[in-house]
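Participant: Below are the chains, spelled out letter by letter.
Number of protein chains: 2
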Amino acid sequence: MKKEAGFSGVIAPVLTPFGKDGSPCAESFVEHCQWLMEEGCTGLAPFGTTSEGNSLGLDERMELLEDLVDGGIEPSKLMPGTGACSLGDAVVLSRHAVDLGCGGVLMLPPFYYKAPSEEGLFRFFAEVIEGVGDDRLKIYLYHIPPVAQVGFSLALIGRLIEAFPDTVVGLKDSSGDFSNTQAILAAHAGFEVFPGSEVFLLDGLRKGAVGCISATCNVSAAAIRRVYDNWQGPDADRLQAEITALRKAVQAFPMIAVLKALIAHYRRDPDWARVRPPLVKLPAEEAEKAIRTLAVQNNFALDFAGAG
Amino acid sequence: MKKEAGFSGVIAPVLTPFGKDGSPCAESFVEHCQWLMEEGCTGLAPFGTTSEGNSLGLDERMELLEDLVDGGIEPSKLMPGTGACSLGDAVVLSRHAVDLGCGGVLMLPPFYYKAPSEEGLFRFFAEVIEGVGDDRLKIYLYHIPPVAQVGFSLALIGRLIEAFPDTVVGLKDSSGDFSNTQAILAAHAGFEVFPGSEVFLLDGLRKGAVGCISATCNVSAAAIRRVYDNWQGPDADRLQAEITALRKAVQAFPMIAVLKALIAHYRRDPDWARVRPPLVKLPAEEAEKAIRTLAVQNNFALDFAGAG
Numbered sequence: 001m002k003k004e005a006g007f008s009g010v011i012a013p014v015l016t017p018f019g020k021d022g023s024p025c026a027e028s029f030v031e032h033c034q035w036l037m038e039e040g041c042t043g044l045a046p047f048g049t050t051s052e053g054n055s056l057g058l059d060e061r062m063e064l065l066e067d068l069v070d071g072g073i074e075p076s077k078l079m080p081g082t083g084a085c086s087l088g089d090a091v092v093l094s095r096h097a098v099d100l101g102c103g104g105v106l107m108l109p110p111f112y113y114k115a116p117s118e119e120g121l122f123r124f125f126a127e128v129i130e131g132v133g134d135d136r137l138k139i140y141l142y143h144i145p146p147v148a149q150v151g152f153s154l155a156l157i158g159r160l161i162e163a164f165p166d167t168v169v170g171l172k173d174s175s176g177d178f179s180n181t182q183a184i185l186a187a188h189a190g191f192e193v194f195p196g197s198e199v200f201l202l203d204g205l206r207k208g209a210v211g212c213i214s215a216t217c218n219v220s221a222a223a224i225r226r227v228y229d230n231w232q233g234p235d236a237d238r239l240q241a242e243i244t245a246l247r248k249a250v251q252a253f254p255m256i257a258v259l260k261a262l263i264a265h266y267r268r269d270p271d272w273a274r275v276r277p278p279l280v281k282l283p284a285e286e287a288e289k290a291i292r293t294l295a296v297q298n299n300f301a302l303d304f305a306g307a308g
Numbered sequence: 001m002k003k004e005a006g007f008s009g010v011i012a013p014v015l016t017p018f019g020k021d022g023s024p025c026a027e028s029f030v031e032h033c034q035w036l037m038e039e040g041c042t043g044l045a046p047f048g049t050t051s052e053g054n055s056l057g058l059d060e061r062m063e064l065l066e067d068l069v070d071g072g073i074e075p076s077k078l079m080p081g082t083g084a085c086s087l088g089d090a091v092v093l094s095r096h097a098v099d100l101g102c103g104g105v106l107m108l109p110p111f112y113y114k115a116p117s118e119e120g121l122f123r124f125f126a127e128v129i130e131g132v133g134d135d136r137l138k139i140y141l142y143h144i145p146p147v148a149q150v151g152f153s154l155a156l157i158g159r160l161i162e163a164f165p166d167t168v169v170g171l172k173d174s175s176g177d178f179s180n181t182q183a184i185l186a187a188h189a190g191f192e193v194f195p196g197s198e199v200f201l202l203d204g205l206r207k208g209a210v211g212c213i214s215a216t217c218n219v220s221a222a223a224i225r226r227v228y229d230n231w232q233g234p235d236a237d238r239l240q241a242e243i244t245a246l247r248k249a250v251q252a253f254p255m256i257a258v259l260k261a262l263i264a265h266y267r268r269d270p271d272w273a274r275v276r277p278p279l280v281k282l283p284a285e286e287a288e289k290a291i292r293t294l295a296v297q298n299n300f301a302l303d304f305a306g307a308g
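Taken in order, these protein sequences are the chains called A and B.
Residues 1 to 308 (the working numbering) make up the first sequence, in order.
Residues 1 to 308 (the working numbering) make up the second sequence, in order.
Honestly, the hints are just simulated from the structure, not real lab data.
What you were told as hints is all true, and nothing was included just to trick you.
Computed from the model, here is a short list of chain B residues facing chain A with C-beta under 10 Å:
1. Glu52
2. Pro110
3. Glu127
4. Leu279
Glycine residues also receive a C-beta, built at the ideal position from the N, C-alpha and C atoms.
Using the sequences and the hints, build the whole thing.
Facilitator: Have a look at this one:
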C-alpha cells in the first residue's frame with residue numbers, strides 16, 4: 001500500500017442493479033460488491049453518479065447500504081454517496097453511514113442552484129457536519145462539474161480543510177482535468193485525492209494521489225489494481241497503457257449503460273442491463289458491438305464462473 | 001378571466017420562510033400564501049426554484065402543503081413542485097398532491113444527469129404518470145434550463161402531450177427566451193403556457209399564454225394582476241411597462257434573497273430574510289439599497305397593516 005490513509009487504492013463506484021419492477025435488486029447488488037472486493041478493490045463507493053445514486057430515494061440508499069454490511073462487506077471499506085440538494089437529506093444519509101461504521105462519505109455539493117457562492121457552499125458543509133455531530137464523520141468531496149455543474153474551487157477546498165481538518169479529508173476529482181488534480185495535491189499535502197478515472201492513476205500516484213475512484217472499476221478492478229500495486233515498478237507504464245486503452249474503449253459508449261450491459265452479458269443475467277429513467281438501456285446492437293470490440297481489441301472478458 | 005382552464009392568471013411560486021433553527025416556519029408560510037391570494041394571485045406554486053423547493057426534504061414539502069390546505073387555501077388553486085431526480089420521489093410527491101386535491105403539479109425533469117435523451121425523459125414522465133395512477137393528476141412541465149440545465153425540447157413536449165393529453169396540460173417557460181414560449185404556443189393550441197416572468201405577460205397573453213408564474217409575484221402580485229385583468233384594455237401597455245420596470249429593478253439583486261429581504265423589511269420580521277444553504281442571505285447594506293432603490297424609482301412598498 002502506498003500510504004496509511006483512511007482510504008487508498010482502487011475504489012469502485014458501484015453500479016446499482018434493478019429488478020423487473022424497477023426497484024433495486026439487493027441480492028445482485030451485494031453479489032456484485034463482494035465480487036469487486038475479490039477482484040482487488042480496496043473500497044466501494046455506492047450511490048455515486050455511476051450508481052444512479054440520485055435516481056434512488058433516501059430509504060433505498062440506506063437499505064442497500066445495510067444490505068452490504070449484512071452481506072459481509074467491511075463498513076470501513078465503504079464510502080457511500082450522501083450528498084443531496086437538501087441539507088437535511090445530506091445529514092440523514094451521512095449520519096446513517098456513520099452509524100453503520102462507514103469509513104467515509106463521498107459528498108456532492110448541493111447541485112440544483114447553479115453558481116452558488118463559496119460562502120453558501122461552505123455553510124452547507126459546515127451545517128451538515130454540525131448536523132451529523134459525530135467525530136467519526138470523514139467527508140470526501142465529490143468534484144464532478146461535468147455532471148453536477150456545481151464544483152469545489154481551490155479556495156473552497158482550502159477553507160473546508162482549514163475549518164474541518166479532521167472531517168474533510170479527501171476529494172474525488174472527476175473534472176477530467178488533471179491540472180486541477182495536481183493543483184489540489186500541490187496545495188494540500190496529506191489530503192486524500194482520488195482522480196475520477198484510472199486514466200490518471202499512475203500520473204496521480206506520482207504526484208501524491210492515493211488511488212482512483214472510477215466507474216470502470218466495475219469491470220476492470222483487477223487490472224487497475226495491478227497498476228496500483230506496481231506503480232513504482234518497471235512495468236508501471238505498460239500496465240497503465242493497458243487500462244487507459246480499455247477505459248477509452250469503454251467510454252466510447254454511454255458509460256453506465258455499457259457497464260451494465262457488459263455485466264449482464266458475462267453474468268448471463270439480462271436484468272443487469274436495466275437502468276432507471278432518465279437513463280436508457282444500451283440498445284442490443286450497441287451492447288453486442290461493445291462486447292465484441294472490447295474482446296477483440298482489449299482482450300476483455302469477465303469470468304464469473306468462480307464467483308459468489 | 002381569459003379562458004376556462006385548469007390554471008390561468010397570476011401564480012406565485014411562493015417563498016419558503018425558515019425559523020431560527022433552519023426548519024420551515026409553517027405559520028409564516030401560510031400567512032404569506034393567504035396574503036398572496038388576497039393580493040390577487042389566482043393560484044400558488046409552492047416548492048419551485050423561488051421556494052428553495054429542492055432544498056427541502058420530501059416530508060417538509062408534504063407537511064407544508066397540508067398546512068396550506070388546513071390554512072384555508074383552496075387545493076384546486078395549488079400547483080406544488082413535485083419533480084425530483086428520483087422517479088420514486090416524484091411519484092410520492094405527486095400522489096400526495098393529487099390526494100390533497102391539488103389542481104396540478106409543476107414538475108421539473110430529473111436534473112442530475114445532463115443531456116439525457118428525449119426517450120429517457122419521456123419514460124421518466126410516463127413512469128411517474130403510471131406510478132401515480134390517478135386521472136386527477138394534471139402535470140405542468142417546468143422548463144427552466146438556466147437552473148435545471150435539463151429542459152423540455154419542443155419534440156419532447158409534443159410527444160408527452162400526444163401520449164398523455166389529459167395529464168400533461170401545461171408548461172411554465174422559465175427559459176427567458178420568449179421565442180421558445182411562442183413556438184410552444186404555436187404548436188399546441190389549448191396547452192396552458194405560463195411565461196416564467198411577468199416581463200412576458202402581456203406579449204404572452206397576446207400570443208395565447210394563459211398568465212404567468214413569476215418569482216416577483218411574491219411582492220407585486222396586485223400590479224401583475226392588473227395587467228392580467230386589463231390586457232385587452234387601453235392601459236395594457238402602460239401597466240405592463242410598470243411591472244417590467246419593477247421586475248428589472250428587483251432582479252438586479254439575487255432574486256430569492258432580495259424577495260425575502262423585502263418581505264422581512266415590510267413585515268418587520270427579520271426571520272423572513274433567512275435562506276437555506278447553498279443560498280446566502282442578502283447582506284444588510286444590499287437589502288437597504290434594494291428597499292431604497294425600489295421605493296424611489298418604482299414607488300414600491302408593501303402594506304401588511306391590514307393583512308392576516
